[in-house]
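Chemist: Input sequences plus hints: build the corresponding full structure.
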Amino acid sequence: MIRILEMESSKGWGGQELRTERLNQNLSKEIFQVQFAVPKDSIFFSKKNECLEKFHPIPLSQAYDLYSLAKLIKIIKKNRIQILSTHSGKDGWLGALAGKITNTPVVRTRHLQTPIKGAISYNMCDKVVCVSDYVKEYLKICGVENKKLQTIHTGIDTKKFRLEKTKIIHQELSLDSNIILIGIVAVMRQAKRHIDLLEAIRHMENKDKVHLVVIGDGPQRRNIHDFIKDNNLQKNVSILGNRQDIKEILSSLDIFVLPSEMEALGTSILEASASGIPIIASNIGGIPECVKDKKTGLLFKAKDTVSLRNNLEILSKNKALREELGLAGENYISKNFSIEAMVRKTENLYLSLIKE
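0 is the number of the first residue of the sequence shown in numbering that gives the first Met the number 0; add one for each residue after it.
FYI, nobody ran anything at the bench for these hints, they're computed from the structure. The reader is advised that the hints may include incorrect statements.
Stated by the list, open to error - Here are the computed lysine-lysine pairs in the DSS-like style, where the Cα-Cα straight-line distance is at most 30 Å:
1. 344 to 291
2. 208 to 291
3. 228 to 166
4. 246 to 139
5. 99 to 76
6. 28 to 334
7. 166 to 147
8. 166 to 116
9. 316 to 166
10. 300 to 116
11. 158 to 116
12. 293 to 206
13. 228 to 300
14. 28 to 76
15. 318 to 208
16. 77 to 39
Stated by the list, open to error - Each pair of labels, with its calculated beta carbon distance range:
17. 119 to 244: 26 to 36 Å
18. 78 to 294: 45 to 55 Å
19. 221 to 169: 41 to 51 Å
Glycine residues also receive a C-beta, built at the ideal position from the N, C-alpha and C atoms.
Modeler: Given below as structure tokens:
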């Protein structure tokens, strides 16, 4: 039995934490035993009663916290941990230091496209997993040793999203069944460029035949709400907030849009494509790895609201093209971004470190 300690200093819950949870739920229970070292006030720790894994509360509040480092070393030794897995800046540094002190292999996963402050903590690790080739190339440019880098794309449960097409959102919002439903699922932060999407909707020549649903919440909610109100888009846009029924919502969409200016990969795109929905997305970061332009969706230059509007008009007016791109996207994601592929590659990586 190979004992892995997952570390995560983030207290929130998003695509990064979901990937970690999804991966560890699907690792072979016959080969791997997973434990967690996370802050007591984190969402991860609140899930301890739902899991069979062992949880260790630990602050992880600073990269150079001697108390957390000493406690971490004690956890590693007491539980005979064989691999450390880290994900964020603070736990990345503490895990790298603890790995060196205890001679324990460390795997760092880089989930984000945001700039890093330096390569030192990454080069202290034995392997650095990148969620996209774009992230891998960026880290290489920043000085992370190429031999340590390995891309393992985020995987999703593709079968979970293969639902029959529905009209549940049309019914919920009392929309005419012929209205083309456009959706975005994303945290409401500046980098997701919600306002760009609203601006594109505002100028569509057929905007009265489409309706946008915005799923998610975040610091930009007020600005988004005000833009809708100031531009009289209330009949064209509905903010649904955070929802637990994402796969059911996706089953009712005709088009999925993600106009981000920064995206390491785009988990919401994977889920939408797996649902058979054509994608419109910005041509940045790792997005071109999961959206093939004019094959599974349409890409445009980030912040170019005119191109975004044109793509929305093209897809909203062409049902046959929507179906063609949606089916191709479903097949592509199923083949290249499944949980099974992500788990298999990660298990092989762990096994290679133990053999060494």
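Chemist: Are residue 158 and residue 116 close enough, with their CA atoms no more than 30 Å apart?
Modeler: 39 Å, violated
Chemist: What's the verdict on residue 293 and residue 206, does the C-alpha distance respect the 30 Å limit or exceed it?
Modeler: 23 Å, holds
Chemist: Starting from residue 208, check that the Cα of residue 291 is at most 30 Å away, please.
Modeler: Status holds; Cα separation ~27 Å.
Chemist: Check the hint pairing residue 28 with residue 334 against an upper bound of 30 Å on the C-alpha distance.
Modeler: It holds: about 24 Å lies between the C-alpha atoms, which stays within 30 Å.
Chemist: For a C-alpha distance cap of 30 Å, please report whether residue 99 and residue 76 respect it.
Modeler: Between residue 99 and residue 76 the Cα gap is close to 13 Å, so the pair holds against 30 Å.
Chemist: Please work out if residue 77 and residue 39 have their alpha carbons no farther apart than 30 Å.
Modeler: OK: residue 77 and residue 39 at ~20 Å, within 30 Å.
Chemist: Between residue 78 and residue 294, is the Cβ distance one that fits in 45 to 55 Å?
Modeler: 47 Å, holds
Chemist: Can you confirm whether the C-alpha distance between residue 166 and residue 147 stays at or below 30 Å?
Modeler: Violated, at about 47 Å.
Chemist: So if I understand the rule, the pair passes when the alpha-carbon distance is 30 Å or less; does residue 318 with residue 208 pass?
Modeler: 13 Å, holds
Chemist: Given the range 26 to 36 Å, decide if the beta-carbon distance of residue 119 to residue 244 lies inside it.
Modeler: 43 Å, violated
Chemist: Just to be careful, I want the Cα atoms of residue 166 and residue 116 compared with a cutoff of 30 Å; is the pair within it?
Modeler: 47 Å, violated
Chemist: Taken at face value, is the distance from the CA of residue 300 to the CA of residue 228 at most 30 Å?
Modeler: 27 Å, holds
Comparing the model with each earlier hint shows violations of hints 4, 7, 8, 11, 17 and 19; every other hint is respected.
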